[in-house]
Structure formats: C-alpha cells, structure tokens
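Student: So the chains spell out like this:
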Amino acid sequence: MELQQLYFLSSDMGNADYQGYLIMTKIENDPQNEVWLGEKFPEYKAMKGSYEIKRHRNDEYFHLVFPLAAKLNIPYLYPIDDLSSWKEYEKYFDRLQVRDTTDASRIKFHQHEENFLRNLTSLPKDSSQWMFSNARKITDDLLYLNADIIDEDILNEDIRKLGYYWVQRNRIMAMHIDSVARTHPNSRIVVFFGASHVGSVRAQLNKLEIHYQVLTLPDLIK
Amino acid sequence: MVRYLRFLVFLFPAAVCLAQQKILLVGTLHQTAKERLSEIIPIASAVQNFDPEIICVEYPIATDTATVKYKGGEETFLKKEALQKEWNVGANMSNKIKVLQKDPYLSSDIKKKDGASTALFPVIGYG
Numbered sequence: 009m010e011l012q013q014l015y016f017l018s019s020d021m022g023n024a025d026y027q028g029y030l031i032m033t034k035i036e037n038d039p040q041n042e043v044w045l046g047e048k049f050p051e052y053k054a055m056k057g058s059y060e061i062k063r064h065r066n067d068e069y070f071h072l073v074f075p076l077a078a079k080l081n082i083p084y085l086y087p088i089d090d091l092s093s094w095k096e097y098e099k100y101f102d103r104l105q106v107r108d109t110t111d112a113s114r115i116k117f118h119q120h121e122e123n124f125l126r127n128l129t130s131l132p133k134d135s136s137q138w139m140f141s142n143a144r145k146i147t148d149d150l151l152y153l154n155a156d157i158i159d160e161d162i163l164n165e166d167i168r169k170l171g172y173y174w175v176q177r178n179r180i181m182a183m184h185i186d187s188v189a190r191t192h193p194n195s196r197i198v199v200f201f202g203a204s205h206v207g208s209v210r211a212q213l214n215k216l217e218i219h220y221q222v223l224t225l226p227d228l229i230k
Numbered sequence: 004m005v006r007y008l009r010f011l012v013f014l015f016p017a018a019v020c021l022a023q024q025k026i027l028l029v030g031t032l033h034q035t036a037k038e039r040l041s042e043i044i045p046i047a048s049a050v051q052n053f054d055p056e057i058i059c060v061e062y063p064i065a066t067d068t069a070t071v072k073y074k075g076g077e078e079t080f081l082k083k084e085a086l087q088k089e090w091n092v093g094a095n096m097s098n099k100i101k102v103l104q105k106d107p108y109l110s111s112d113i114k115k116k117d118g119a120s121t122a123l124f125p126v127i128g129y130g
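First to last, the protein sequences are chains D and F. Sequential numbering from 9 applies to the first sequence in this note's numbering. Sequential numbering from 4 applies to the second sequence in this note's numbering.
Only chain F is shown next, with the shape it has when bound in the complex (with noise of 0.2 Å):
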C-alpha cells in the first residue's frame, strides 16, 4: 500500500504538468531581413507541430478605445465613422461579424488554402 502511494506522489507532478494549459510564446523581429526569412521555416514548423487552437497576436483589441487611438490617431474613430457611412455599412456591425464568422464558405475557404501549400509560405516556399 505505502509503495502505491509513493507510486502516486510521484506521479502527481507529471500528471498535473499534463492537465495545465499551455501556453506558447514565439517573439518575433517585427521585420526580418529578406537574407533571413529561411529562419521562419523552423519556427513555422515548430509551432505547426505544437497545433495551436487559438493564435493570440500583438494588436490592439478593438474596444480598447486608448490602445486603437495610439496606434490609429486620435481621429481614427471619426474617420471610420466617415466611411462607414461612404461605403453604405448600416449599424450593428458586430451582429453582420457574427453572422459572417459563421459563414460556412469562409472556413471551407480556408481549408482550401490547406491544401494550395505553395500559396502559404509565397516567399520562403515553406510547404
């Protein structure tokens, strides 16, 4: 019994290393050297294998008014605004997002690009 239990304790970290989320974080250049971009296939290819369900990435997060006014300008909303109503696009934008994300022809479209390999990775040929 006292065998069992020691079995168990050591296994207990293991197991709890398995259960925690992971979470993987790349840092990147911003802007690689063109002599340099090669170095991204390993990288892709190593984030490829640990198969990510969610990507997060350095933006702004919409409704954070300051962060989208700093990387925008102050009058980025106001121009926006101007061109919603340019283009025609009525009100309730994040209900039409919705709807749109929804939209089976967008995910089958990005499936396509599965398979169009040479499409992906245009300037280092990555497949």
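Only chain D is shown next, with the shape it has when bound in the complex (with noise of 0.2 Å):
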C-alpha cells in the first residue's frame, strides 16, 4: 500500500493503478485487512473507489494488462504515453466534427470513419471485435482514420494538422519504446494501447536505427 501511495504522489499512475489492483484482489475476501488498511492509509478509500470504477467500466488494464502483468510475476510497467501536444490535436479533432457538406476533403475523410464504424458494429456476435481491431486491414484503415496516412487529393488544412499532432503522440511513443528496449536489450516486450496506435507506432518502430521484430496479435493468432 506504501509503494502505491508513493507512485501515486509521484504521478506514475500506471503503476499506482496497478498495485492498487494488486492489494483490491488480495484483499477481496479479507474484510479484516480491508479495515486495517482504511484506517491506517488515508488514501485507501480514493484507491478504492478508482479501482471499482474502472473494473466496473471493462477497462482493459483490469481485466487484462494487470491480471497478466501479475501471472507473469512482473513487478513494474513501463509507461510510454505523450499527451504533450494534445491539446492541438483536440483543438483540430474538434473542428473536424463540424461537418461540412461543401468540402470534399473533409467529405472523403469522414466517410473513412463511417465506414469503419459501421464494420466494427456490424461485427457478428460470435466475432472477436478484439481480433478485428488488431487485423492488419484494419490496423491500416484506422491509419486514415486519425489523418497518419493522407491522400493527395486531401487539401484541408485542418486534416492535415489533426495528423501532424497524432504522428507526433505516436513518434514519441515509439521513442519511449525504443528506449526501454535499448535498457533491456534481448527481452520480450508487449506494449498495450489503443487499437488506433498499432499501425502508426509500428511504422514509427520500423524507422528506427534499431530494427526491432514487431509483431501484432495476428502474427501469434492464425
């Protein structure tokens, strides 16, 4: 509980979540250690609550990313986000979800997000949205999709600025991936994001000096 106070206070979130995750599932049916623990950490109740938020919300790191990191017996993860020019991309993304009917550029680039949306809907039941948000054709598509790729034919300002932004979020990503690679040269690493990263942080990853083998879950489920 110490160590997630201490991650917590020094704003490395992932990894205060992650143990906070580490203390809910020990605890779980030990309401002794569960008192023990509210009256002696003044934070217990806040970790709590966040905890129960996000598992109750289906987020992916408590279901998936924690539960694993922890089978695996790995003590620590490495944080790789760059919010640090966001707010530009917002500001575009925002203006962008003004439609306009007179501009084909912005015609073409929103047809790319209605066709995606309307796959990822209209997905079966018995289908794994999970695999389909990892395909390679989609991976691809979802490049269009936040203005990585832009065709020539698109000349809208606005477009273009929404992509210079998420290239940048995704070329420091990668950056930071590189980087903890280089400080555990030979080990496996698996990076968890959001399915809209893969194909951009992949091709930032192939332009390094470094060539690193990166694979996607359809290269380990056939």
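The set of hints was computed from the structure by calculation and includes no laboratory data. Check each hint, because a few of them may be wrong.
Label-pair restraints from in silico Cβ distances [to be verified]:
hint	chain 1	residue 1	chain 2	residue 2	range
1	F	Lys83	D	Tyr172	29 to 37 Å
2	D	Ala112	F	Trp90	51 to 59 Å
3	F	Asp54	D	Ile61	30 to 38 Å
4	F	Lys101	D	Glu47	25 to 33 Å
5	F	Gly76	D	Glu60	47 to 55 Å
6	F	Lys74	D	Ile115	46 to 54 Å
Pairs of lysine-lysine, BS3-like flavour, derived with a Cα cap of 25 Å [claimed, not checked]:
hint	chain 1	residue 1	chain 2	residue 2
7	D	Lys48	F	Lys83
8	F	Lys82	D	Lys48
9	F	Lys101	D	Lys48
10	F	Lys74	D	Lys48
11	D	Lys48	F	Lys99
12	F	Lys25	D	Lys215
13	D	Lys215	D	Lys145
14	F	Lys72	F	Lys82
15	F	Lys82	D	Lys34
16	F	Lys25	D	Lys53
17	D	Lys62	D	Lys34
Note that the structure is predicted; figures quoted are calculated from it, not measured. No residue lacks a Cβ here, since even glycine has one placed at the ideal position from N, Cα and C.
Hints in hand, dock the two standalone chains.
Tutor: What follows is the structure in structure tokens.
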C-alpha cells in the first residue's frame, strides 16, 4: 500500500493503478485486512473507488494487463504515452466534428470514419471485436481515420494538422518504447495501447536505427 | 566450399530475425462491452505464450510534466504536494520507491497470485 501511495504521489499512475489492483484482489475476501488498510492509509478509500470504477467500466487494464502482469510475475510496468501536444490535436479534432458537406476532403475523411464504425458495429456477435481491431487491414484503415496517412487529394488544412499531431504523439511513443528496449536488450516486450496506435507506432518503430522484430496479434493468433 | 557459403547466405536472414529483439503491439478497445469480455481470453493466452519480460502501457511517464498535467489537470502537482504533506510522506520519494521495489515481499506476493488463478481474471474466469 505504501508503494501504491508513493507511485500515486509521484504521478506514476500506471504503477499506482497496478499496485491498487494487486491490493484489491488480495483483500477481496479479507474484510479484516480491508478495515486495517482503511485505518492506516488515508488514501485507501480513493484507491478502492478508482479500482471499482475502472473494473466496472471493463477497462482493459483491470481485465487483461494487470492480471497478466501479475501472472507473469512482472513487478513494474513501463509507461510510454505522450500527450504533450494533445490539446493541439483535440483543437483540430473538434473542428472536424462540425460536418461540412461542401468540402470534398472532409467528406472523404469522414467517410473513412463512418466505414470503420459501420464495420465495427455490424460484426456478428460470435466474432471477436478485439481480433478485428488488431487485424492488419483494420490497423491500416485506422491510419486514415487519424489522418496518419493522408491521400494527395486531401487538401484541408485541419485534417493535415490533425495528422501532424497524431503522428507526433505516436513517434514519441515509439521513442519511449525504443528507450525501454535499449535498456532491456534481448527482452521480449509487449505494448498495450488503443488499437488506433498499432499501425502508427509500428510504422515509427520500423523507421528506427535499431531493427526490432515488430509483431502484432495476427502474427501470434492465426 | 561454395555450397557451404551458399548455405550460410541462405541461413543469414533467419539468424538475424532470431537475434532481433521482439516487440509485440496489442491494440485494445479501452472499454469492452460486458458480453464481449470473453474475447480477451485468447488475447491473454497469446500474450502469455509470447512470455514477455517487459510490459509497456499507455500511461503518462511521471517525469513528463506536460502529459501528467494534461491527464491530471493544471493543479495536479500542487494537489499531490498538499497530499504528500497531509499524509506525512517525507521527501526522497524516488529513493523510498527503489527500496520498496526491492522488497522481497512484493515479488513473493505477486508470485502467490500466480497460484490464485481464479482471482486473476475475475470477471471472465480465465485461469
């Protein structure tokens, strides 16, 4: 609990959440320990609240990443996100939400989004949305959705700026992954992030000086 | 001799591939509908078979002030400083973290969880 508190105070939120998960699953059927923790650590209630909300929302960390890390006996998770210029991205994203039926570039751009969402929502119940989102075709399609790849006939400046900030974020994420890999040479690394990042980060990792073998789920699940 | 060299040239790309460090990218949905939670099972199995030694996650790096502020708000560092005083947590947090990370109780605790498979994947019952 002390470690969770220190991670929280030092803004290492991924590991604060992971420690919170470990604590909560340990004391699940141990009311005595729960009372003791609540009395001894003032932040216990907040941690428990956050754990319950995220678990209830079916957050992937509480259902996949943290259980897996615990099972693999991995004590520390390496954060790699970059949102340093995300406010700029959001500015262009918000501007593009206003539909404009006179601009051909914007019509084409929104068409990608609509096609993707239509595919996603029309999946039969027994097919896997997770595998769908990791399929090579889809991760490539998602590059268009975030303006990571912009067709030559797209001239709209907002779309170009959106693409610029999206690529910037993914380039820095790839640099963070590279930095982790360099400090742990020969270690197998798995990265969990929203499916939209797969294609973009893969492209950025493949541009690096060091040649990594970058795999995606379809490489493991045929 | 030439045949032997040809054989080596043939094997070279495979050897390079084996020596390359492997990075597996897994795309998540952030929130999965309850009726689709079972789809996580094959993903979890595949990643477990990949046997990663390092896990990277889409969370801010603690030293990246701009990202931490974006996620936690402009006042996040001030709020945490106030909490640090309120909870009587002294300075040198990074040293304390290093000491606690080495605590054998922590790793043995995680290992114990390896046996408690039902608690690990509580909703989907993955073992």
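Student: Each hint needs a verdict: does it hold in this structure or not?
Tutor: Against the structure, the hints come out as follows:
Range check, lysine 83 (chain F) to tyrosine 172 (chain D): Cβ separation about 32 Å, and the 29 to 37 Å hint holds. Checked against the hint of 51 to 59 Å, the C-beta distance between alanine 112 (chain D) and tryptophan 90 (chain F) comes to roughly 57 Å, which is consistent with it. Between aspartate 54 (chain F) and isoleucine 61 (chain D) the Cβ separation comes to about 31 Å, which falls inside the hinted range of 30 to 38 Å. About 27 Å separates the C-beta atoms of lysine 101 (chain F) and glutamate 47 (chain D), a value consistent with the hinted range of 25 to 33 Å.
For glycine 76 (chain F) and glutamate 60 (chain D), the hinted distance range of 47 to 55 Å is not satisfied, since their beta carbons lie about 22 Å from each other. Lysine 74 (chain F) and isoleucine 115 (chain D) have their C-beta atoms about 34 Å apart, which leaves the hinted 46 to 54 Å range violated. Only pairs whose Cα atoms come within 25 Å are accepted, and lysine 48 (chain D) paired with lysine 83 (chain F) is accepted, the gap being roughly 19 Å. For the given pair, lysine 82 (chain F) sits about 21 Å from lysine 48 (chain D) by alpha-carbon distance, which is consistent with the 25 Å threshold.
Restraint check for lysine 101 (chain F) and lysine 48 (chain D): satisfied, since their Cα atoms lie roughly 22 Å apart, inside the 25 Å limit. Between lysine 74 (chain F) and lysine 48 (chain D) the CA atoms are separated by roughly 28 Å; this puts the pair beyond 25 Å, and the hint is violated. Between the alpha carbons of lysine 48 (chain D) and lysine 99 (chain F) the distance comes to roughly 18 Å, so the proposed pair stays at or under 25 Å and holds. Straight-line distance between C-alpha atoms of lysine 25 (chain F) and lysine 215 (chain D) comes to about 15 Å, which keeps the hinted pair within the 25 Å bound.
With a CA separation close to 20 Å, the supplied pair lysine 215 (chain D) and lysine 145 (chain D) stays within the 25 Å bound. The straight-line distance between the Cα atoms of lysine 72 (chain F) and lysine 82 (chain F) is roughly 11 Å, inside the 25 Å bound, and the hint therefore holds. Only pairs whose Cα atoms come within 25 Å are accepted, and lysine 82 (chain F) paired with lysine 34 (chain D) is rejected, the gap being roughly 29 Å. Pair hint lysine 25 (chain F) plus lysine 53 (chain D) does not hold up; C-alpha atoms about 40 Å apart against a cutoff of 25 Å.
Straight-line distance between C-alpha atoms of lysine 62 (chain D) and lysine 34 (chain D) comes to about 17 Å, which keeps the hinted pair within the 25 Å bound.
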